[in-house]
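Chains A and B supply the protein sequences, listed in that same order.
Going by my numbering, the first sequence opens with residue 350, and the numbers climb by one from there.
Going by my numbering, the second sequence opens with residue 536, and the numbers climb by one from there.
Don't take each hint at face value.
[What the hints assert, rightly or not] Sample of chain A residues at the chain B side, in silico, Cβ under 8 Å:
1) VAL376
2) ALA380
3) LEU445
[Unchecked claim] Negatives, chain B to chain A, calculated, CB over 12 Å:
4) ARG555
5) ARG557
6) LYS562
7) GLU576
8) MET581
9) SER601
10) PRO605
11) ARG613
12) ARG619
13) GLY620
14) GLY643
15) VAL648
If you are wondering where the hints come from, they were derived from the structure by calculation, not from laboratory data.
Even glycine gets a Cβ: it sits at the ideal position worked out from N, Cα and C.
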Amino acid sequence: KNEVEQSPQNLTAQEGEFITINCSYSVGISALHWLQQHPGGGIVSLFMLSSGKKKHGRLIATINIQEKHSSLHITASHPRDSAVYICARETSGSRLTFGEGTQLTVNP
Amino acid sequence: NAGVMQNPRHLVRRRGQEARLRCSPMKGHSHVYWYRQLPEEGLKFMVYLQKENIIDESGMPKERFSAEFPKEGPSILRIQQVVRGDSAAYFCASSPGQHQETQYFGPGTRLLVL
């Protein structure tokens, strides 16, 4: 079992739909990171959170420390949101352990 | 403020050659992380360095791989005697501090071993 599990692995949505990607981890963390990997391969950090909820534009990230679970939500999805979304847990040593990623495709 | 820079962006080596990958962190960042992404696989941690110190190298293969982050200049990931299995994208990230800090990723170096 991976230390970081993401679901779904693949997700296809229509433009405008509300999207949720889930992340579960098996051990305690100091922080949980959400990253976006573009089709060209570049990686962008979206959120780093250790509790509660963060919002940036149409993106919302939540975390439940007790349940060891985080979600990434995209409201009013757009084709340019198509990418791989990766969650990663950070432990006290600062290294990140990554999930396998969720491939999101948003069709016009 | 320039982002994290990596060079070269693409590197082709023949088996047995050496590969040197460079990473210049964002200005003001003294923490550097190297990650590897094998084809069709997820990202894996390799090594975490601060200026002149290796903090955590638990993800580095035991042989042929080394990393440094000198007082002056970029961080270097060095792969000696490359093999085809080393073909991957190597990403560097930097952060201003150690814990609970956003890591900013470079564009990656795509290494192809022929």
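To see whether the hints hold, each was checked on the structure:
no.	hint	in the structure
1	VAL376	violated (15 Å)
2	ALA380	holds (5 Å)
3	LEU445	holds (6 Å)
4	ARG555	holds (20 Å)
5	ARG557	holds (17 Å)
6	LYS562	holds (17 Å)
7	GLU576	violated (8 Å)
8	MET581	violated (9 Å)
9	SER601	holds (18 Å)
10	PRO605	holds (20 Å)
11	ARG613	holds (20 Å)
12	ARG619	holds (20 Å)
13	GLY620	holds (19 Å)
14	GLY643	violated (6 Å)
15	VAL648	holds (18 Å)
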